[in-house]
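One letter stands for each residue in the lines below.
2 protein chains.
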Amino acid sequence: MDIEKRISLLEKIAQDEKVALETLKEKIRQGTVVVPLNKKRKINHPCAIGEGMRVKVNVNLGSSWEADGIEEELKKLSVSIKYGADTVMDLSTGKNLKEIRKAILEQSPVPVGTVPIYEVAVKAMEEKGNFSSITPRDILQTIEEQAREGVDFFTIHCGLNRKTLEVFSRQKRVMDMVSRGGAILLNWMLAKNKENPLYEYFDKILEIAKEYEVTLSLGDSLRPGSVLDATDRAQIEELILLGELTQRAHSKGVQVIIEGPGHMALDQIETNVLAEKKICQGAPFYVLGPLVTDIALGYDHIAGAIGAAYAAYCGADFLCYVTPAEHLRLPTVEDVKEGLIAFKIAAHAGDLARGNKHAYIRDEQVSRARKKRNWEEQFELSFDPEKARAYYFRDRQKIKDVCSMCSKFCSIKLVDKCRKFLIK
Amino acid sequence: MDIEKRISLLEKIAQDEKVALETLKEKIRQGTVVVPLNKKRKINHPCAIGEGMRVKVNVNLGSSWEADGIEEELKKLSVSIKYGADTVMDLSTGKNLKEIRKAILEQSPVPVGTVPIYEVAVKAMEEKGNFSSITPRDILQTIEEQAREGVDFFTIHCGLNRKTLEVFSRQKRVMDMVSRGGAILLNWMLAKNKENPLYEYFDKILEIAKEYEVTLSLGDSLRPGSVLDATDRAQIEELILLGELTQRAHSKGVQVIIEGPGHMALDQIETNVLAEKKICQGAPFYVLGPLVTDIALGYDHIAGAIGAAYAAYCGADFLCYVTPAEHLRLPTVEDVKEGLIAFKIAAHAGDLARGNKHAYIRDEQVSRARKKRNWEEQFELSFDPEKARAYYFRDRQKIKDVCSMCSKFCSIKLVDKCRKFLIK
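Here the protein sequences line up with chains A and B, keeping their order.
Yeah, the first sequence ends on 423 if you go by numbering that gives the first Met the number 0, and it's all consecutive.
Yeah, the second sequence ends on 423 if you go by numbering that gives the first Met the number 0, and it's all consecutive.
The set of hints was computed from the structure by calculation and includes no laboratory data.
Do not take every clue at face value.
Treat identical chains as interchangeable: a pair holds within one or across any two.
[Unchecked claim] Taking lysine-lysine and the BS3-like style, the derived pairs with C-alpha atoms no more than 30 Å apart in a straight line are:
id	residue 1	residue 2
1	Lys122	Lys371
2	Lys122	Lys17
3	Lys26	Lys203
4	Lys38	Lys81
5	Lys94	Lys412
6	Lys419	Lys276
7	Lys386	Lys74
8	Lys81	Lys386
9	Lys122	Lys407
10	Lys419	Lys193
11	Lys397	Lys17
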């Protein structure tokens, strides 16, 4: 991004993050922090993602071929903003994906990301019934169109090339490839016997990104889709390629984020975060979950929040939420809320664990309100005041200042009686 | 426990845990594994807790002064068993706590724990309106009565003595003391100016525990109730005392578990687990959460599952669940289910991360079913088949073998088309 032209924006972000402006600028120059913002967009809540910043949370929105209501997606956007999403991605693959993107770009006060290959694939599927009609030109045109519309960051699946595919083909995974973008490109590459256009024409993509100041999120087509496939040769081979592409992007002044797993047991997360930081020149790490087990159907927001919190502690900067609907259906508005709150907790847990002193302020406020048994203040400071209030008031409170769990035997109240001893 | 008398029980457990019987026996002798089971109880699902065993989950049940329905508590027990609780604790503090305990002991196929000081406190409060009428004799009698009834493990708050209290009084915590048992004993100790009977008469308690083969869970009255209070001098001073008491218990042949935090940011969990193992002779560590932030009202099962999974990875053996109702109300049946499933995920994530190869089998089964898009098999292998099924079938499936999220663009289906390439 053009740092000097965006100085007032950066001042606001530095203030918000409680870091010095010079520090922020230096990190953006080094590529360890990005501010995803298209030069054409004016939004109220831009954010900085990366080293030394608060951990951020992304919400995936967007229709599918089976559920393409625009109203529903805008409700999801509104819930996302209400509960504190830092960015949203429109992953629509329904027929009306252009209208949805336009509406989300108009209404979102936070940065908006997309996966341009989806639009290309949906169009090809509608028109020809397959992907092989896609040309590199279609892809570049779509990327440029979306950049012109104001999209702030793109997922570009450029880590899949003939070399990484070769490693992948020998890997014998349980789940092979679970990336949608990756699967589309794999089909195209095999049908055409050609190189992945997102890799081959990476310089062209950099030119577009540079012109519109779009941040590139380098997609991980080979992310593990099962804990049994995690940290294998295919995944790391792709990471190495993404590291080389990061260097090319940095040299052209394009901001880069690296996407990461996926499904991965807890013992491998620290290694993966370290490897990403080392191999990709400290570029911000954007993790999907990771889900720490494959078996949590209906509760993948919890399996994901566990992995995300620990990844954030280890240095991941940007968490892509997972909802309870993952692997089962397109998320509803309620699923979006559940997933987002789980990941807000994970991000905050990461901030505390990384020693962000400012993050402790809210915990102290809640704890002091709890100590005073000031219920309303606790509710207001929580992620979801309505739920907390409804939970508390479900039971009649026979004793006014305690909850129905301990009631007469409330430890806080009992210890308050001993105050004299405690302050001696 | 008397290992040779219980040999057929241990054979069953060793088989279930997939460890050699001799290994299990040796670990029980060393005190790094416990099998909480009163000599009077016969249950279908005993379990081993500790080093090299699968991570276990406890569910807290029990009435409060404001909600004392016995039927409700038995429903919670039944849900706990359905969703895989390894043990339950009856923490009743309502008037009918004896009947509830009796019913739970009768109906529970898994080990049952209690906190005997609660019964003593409830009785004193009912009869005299305060705790100062309690005598050490009352406490020892209640412990013996409950042991005779068949309780398998007791929480004994013996880590609070005049020395640890002294350190605590100088600590100036945000939340002071949040342990209910600890708060009752603190009030008693200050009112009477006497030593904590659970500490003073620890040898008597060991005699009872030895006679009935009750496992002692040494309670942490000084566990942090805010992330700001974690790992402070008071907490560690108490841990040191618990280590000394562990040694005394082991020397009398009494099985011991150590209770741990509480509220604690992720960066302190590894240190806490290591400290417990070192200071308490490798006795199994039983953690309450830990909650990785104070601000997750209504979602404390998620904040707790994050901490629990990481604690398990670091070596914690036994996870006490936390429900969404924590800090707000006595949990409902639904809250119990939500909390338990979150902690089953955490325990399983811990097993995977600790490299338990057998734990990977279920992930492989789910992933292979997912790869085949065999939905019913996935549902059946998940923690909550009904929820998974309901989620999947909420949307009409226009295409039968995929879900409504990716639909036509299902990556698994797209990659299956490339099978020839992948198996070359």
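Status of each hint after checking the structure:
{"no.": "1", "hint": "Lys122 - Lys371", "in the structure": "between (59 Å within a copy, 27 Å between copies)"}
{"no.": "2", "hint": "Lys122 - Lys17", "in the structure": "neither (45 Å within a copy, 53 Å between copies)"}
{"no.": "3", "hint": "Lys26 - Lys203", "in the structure": "within (25 Å within a copy, 63 Å between copies)"}
{"no.": "4", "hint": "Lys38 - Lys81", "in the structure": "within (25 Å within a copy, 55 Å between copies)"}
{"no.": "5", "hint": "Lys94 - Lys412", "in the structure": "between (59 Å within a copy, 20 Å between copies)"}
{"no.": "6", "hint": "Lys419 - Lys276", "in the structure": "neither (52 Å within a copy, 35 Å between copies)"}
{"no.": "7", "hint": "Lys386 - Lys74", "in the structure": "both (19 Å within a copy, 24 Å between copies)"}
{"no.": "8", "hint": "Lys81 - Lys386", "in the structure": "both (14 Å within a copy, 26 Å between copies)"}
{"no.": "9", "hint": "Lys122 - Lys407", "in the structure": "between (65 Å within a copy, 13 Å between copies)"}
{"no.": "10", "hint": "Lys419 - Lys193", "in the structure": "between (79 Å within a copy, 17 Å between copies)"}
{"no.": "11", "hint": "Lys397 - Lys17", "in the structure": "neither (44 Å within a copy, 50 Å between copies)"}
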